[in-house]
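Full structure from sequences and hints, please.
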Amino acid sequence: ELKVEQNPLFLSMQEGKNYTIYCNYSTTSDRLYWYRQDPGKSLESLFVLLSNGAVKQEGRLMASLDTKARLSTLHITAAVHDLSATYFCAVGRLMEYGNKLVFGAGTILRVKS
Amino acid sequence: GAVVSQHPSRVICKSGTSVKIECRSLDFQATTMFWYRQFPKQSLMLMATSNEGSKATYEQGVEKDKFLINHASLTLSTLTVTSAHPEDSSFYICSARPTSGGAWTQYFGPGTRLTVL
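Line by line, the protein sequences give chains Z and W. Per our numbering, the very first residue in the first sequence carries number 1; after that it's consecutive. Per our numbering, the very first residue in the second sequence carries number 1; after that it's consecutive.
Just so you know, the hints here were simulated from the structure itself, not pulled from any lab data. Glycine included, every Cβ here is placed at the ideal spot set by N, Cα and C. Please note that a few of the clues may not be correct.
Just the calculated beta-carbon pair ranges, DEER-fashion [unchecked claim]:
| no. | chain 1 | residue 1 | chain 2 | residue 2 | range |
| --- | --- | --- | --- | --- | --- |
| 1 | W | Thr17 | Z | Lys17 | 41 to 51 Å |
| 2 | Z | Val80 | W | Leu68 | 41 to 51 Å |
| 3 | W | Val3 | Z | Gly40 | 13 to 23 Å |
Encoded structure:
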């Protein structure tokens, strides 16, 4: 059974600081996603990582994937208050009936000014 | 483009009643739609995968007789929570995969907050 673990589950940061969220998964996957969720809202897609060594950046967020270690990271650079949200990683698996996503528990990020 | 809507956005019902939630792809056709459940401060759990015109595939531990899924058209899937109980209170999110898009493309709806009293 595919398991996806995120840590930390809660992260309180000062504005301007850097930090990394980690996402480990238990079996081989076909791709890795990062999503953002604001309170009471649905998911906003941030990144899709397809291959070993993939790195993508958007603003203050950068995601990377190491398929050999089964690890993805979401790095936050010089955090700002607007980044406060819950961040999920999700692993895509090809199943006999189609594709499915298995989500990590999520990381609640609070950026303090 | 690629908008998925859900209706209602919020519903409160009494224990024992049934509630229907709609998921629509507004500007594309979706052969496959997914239903997720998210309890407060927890992650999303896939409940079922529905394909237009065929029976839904339910994840292990999800009661198919309690969570009825109908995907009668390429733009609409419905989830009916039958005989709802307080433990069914949750945030239900659907997503839709465009028929003409990549196999992994998936657009999420805004979610439906269900509260069972």
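Evaluation of the provided hints:
no.: 1; hint: W/Thr17 / Z/Lys17: 41 to 51 Å; in the structure: 49 Å, holds
no.: 2; hint: Z/Val80 / W/Leu68: 41 to 51 Å; in the structure: 44 Å, holds
no.: 3; hint: W/Val3 / Z/Gly40: 13 to 23 Å; in the structure: 18 Å, holds
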